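Protein chains: 2
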Amino acid sequence: MKPSFLHTDQHRVEQFLSHYLQQHASPAADLQQAMAYSILLGGKRIRPSLVYRCGAMLGAHAEDLDAAAAALEAMHCYSLIHDDLPAMDNDALRRGKPTCHIAFSESTAILAGDAIQSLAYELLTSHNYHHVSSSRILDMVRSLSRHSGAQGMCAGQALDLAHTNRSFAADTLEQMHRLKTGALIQAAVELAYYASPVNNSDHLELLQQFSASLGLAFQVQDDILDIESDTETLGKPQGSDHNANKATYPSLLGLAAARQKARQLYQDAIQALEQLPYPCDDLKALAQFLIARKN
Amino acid sequence: MKPSFLHTDQHRVEQFLSHYLQQHASPAADLQQAMAYSILLGGKRIRPSLVYRCGAMLGAHAEDLDAAAAALEAMHCYSLIHDDLPAMDNDALRRGKPTCHIAFSESTAILAGDAIQSLAYELLTSHNYHHVSSSRILDMVRSLSRHSGAQGMCAGQALDLAHTNRSFAADTLEQMHRLKTGALIQAAVELAYYASPVNNSDHLELLQQFSASLGLAFQVQDDILDIESDTETLGKPQGSDHNANKATYPSLLGLAAARQKARQLYQDAIQALEQLPYPCDDLKALAQFLIARKN
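So the sequence lines, in the order shown, correspond to chains A and B. Position one of the first sequence corresponds to residue 540 (this note's numbering), numbered consecutively onward. Position one of the second sequence corresponds to residue 540 (this note's numbering), numbered consecutively onward.
It is possible that part of the hints are untrue.
Because identical chains share one entry, a pair is satisfied inside a single copy or across any pair of copies.
[As the list claims (entries may be wrong)] Simulated crosslink set (DMTMM-like; lysine to aspartate or glutamate; CA at most 25 Å straight-line):
#, residue 1, residue 2
1, 785, 569
2, 823, 813
3, 823, 744
4, 785, 645
5, 583, 761
Don't read these hints as lab results, they were simulated from the structure. All figures in this text were calculated on a predicted structure; none of them were measured in a lab.
All chains should be built: construct the whole structure from the sequences, respecting the hints.
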């Protein structure tokens with residue numbers, strides 16, 4: 540079941556992003572349009588919701604979480620624009636609508652992705668925080684940059700491309716997904732922590748365990764849905780990863796074992812969460828929703 | 540005449556970048572190689588030298604300037620990789636060597652650019668500063684992100700692409716260059732200021748005037764060299780901007796007027812500098828070198 544806060548969080552981050560884009564319009568009209576198109580294209584806004592729910596659990600003020608939520612979504616959005624490019628996954632549809640390079644042009648899509656990555660850091664450092672010190676904001680920027688770059692998300696996409704059409708061992712697949720999807724999920728939880736008043740490295744570590752398991756569970760479920768779901772529900776051609784000769788959990792493990800793996804990872808995530816002395820109902824509901832989702 | 544510190548600064552930033560890349564290697568081998576190839580490909584390292592010279596003038600400690608110098612060069616490097624892509628300027632040569640997408644692949648070049656942008660922020664926020672407060676480091680990140688994104692460098696490249704093969708008014712050309720090249724030159728000077736002990740908004744404003752004039756002068760000179768110089772000296776095909784039907788200062792104003800404009804901008808830059816109560820010989824020599832250079 541879809542948790543009711545998901546819609547609230549989605550609306551909140553979209554308002555925040557939309558407002559920022561309007562207030563900081565680019566002098567290059569095409570670029571501005573392509574950025575707004577891609578950022579406001581929709582999507583579940585899972586990373587922002589993770590920031591808001593995790594932050595609230597840790598006692599952060601909602602207005603101190605907006606920049607982190609928006610920065611995470613911006614970072615995710617830029618990666619999708621670049622992943623969809625002809626030289627990368629060459630996808631024409633995203634969330635049921637033309638991808639950025641189809642709706643605009645390839646060069647504009649490359650630049651929009653680049654500018655949206657800059658935007659993530661601009662959001663984090665331009666925000667008017669109420670209860671977060673400069674030193675903790677720096678922790679946020681450091682976490683986001685490390686999880687996004689050559690040792691995080693970009694490395695995951697590079698490993699993915701390097702292994703398309705080749706055999707993939709299960710542990711390489713796992714490493715790839717921990718970087719490609721997991722890194723930003725981890726960043727979401729870390730940024731929420733740094734925006735909160737909590738200063739406890741044991742708690743941070745448990746949050747990192749939670750997000751590592753959740754991030755991988757999310758990706759296993761994505762692979763399962765790529766096989767099970769139909770194109771309309773998914774918003775991209777069904778079986779597109781399978782058809783692109785990409786290794787997936789179901790193709791490596793079989794569908795039943797992949798489902799079992801997703802359940803196990805979900806349980807690991809919940810177990811880490813339950814060791815924390817905070818009310819974690821919302822985060823549990825979010826994790827449950829991500830595993831049970833149909834698209 | 541080439542100032543002697545240019546070589547020292549160049550060596551220093553290359554050592555710093557090379558060391559960081561080795562210490563933080565990507566698990567994706569192709570990505571790591573493409574990043575190192577592009578970052579260590581050479582170049583005059585003008586932005587790092589601006590950081591070191593401006594910072595030294597303001598009393599900053601050299602070890603507090605390394606991250607800013609390296610971050611500026613990383614940001615410049617990523618923009619070159621993406622500008623060279625087939626969908627953008629489609630250049631096969633850069634500094635006399637194959638561009639990143641030729642030496643590796645288009646997808647690896649896109650990802651290397653993306654990861655190098657992340658690297659810039661990672662460098663700024665992971666550095667062990669000795670005399671710079673968290674709040675001033677945040678100022679550095681904010682300045683870099685604003686000058687890089689949709690209201691800075693990316694906007695300049697978007698305006699450039701939008702006007703290729705179209706008529707360009709002189710003021711549009713100036714706006715484009717102020718963003719495409721000028722924004723990072725401004726960022727270099729601002730980052731040096733934030734890494735220094737100086738806290739004086741009038742001085743910051745004069746530094747901004749200096750860098751704005753210098754940045755534009757640099758680009759006018761680039762346009763002049765594109766016509767005057769030969770391919771071997773330039774490291775890219777001579778007349779390549781001209782041949783791509785790009786508006787340039789010489790094509791709009793004529794060669795003599797373009798030369799006059801470069802000289803005037805240089806004088807404006809020096810005038811701003813001389814109003815500051817600091818010893819500015821190095822920065823003057825650097826500005827002089829940038830205007831008199833042959834490649």
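To see whether the hints hold, each was checked on the structure:
Only between protomers do residue 785 and residue 569 lie at most 25 Å apart by alpha-carbon distance; the minimum there is 18 Å, versus 33 Å within a single protomer. Within a single copy, residue 823 and residue 813 get their C-alpha atoms as close as 9 Å, which meets the 25 Å cut-off; across copies the closest is 62 Å, which misses it. Taking the shortest alpha-carbon separations for residue 823 and residue 744, only the intra-copy value of 17 Å comes in at or below 25 Å, while the best inter-copy value is 51 Å. In this homomeric assembly, residue 785 and residue 645 come within 25 Å of each other (Cα to Cα) both inside a single copy, at 24 Å, and across copies, at 19 Å.
In this assembly of identical chains, residue 583 and residue 761 lie within 25 Å of each other by CA distance solely inside one copy; the values are 13 Å within and 46 Å between copies.
Of the numbered hints stated above, none is contradicted by the structure.
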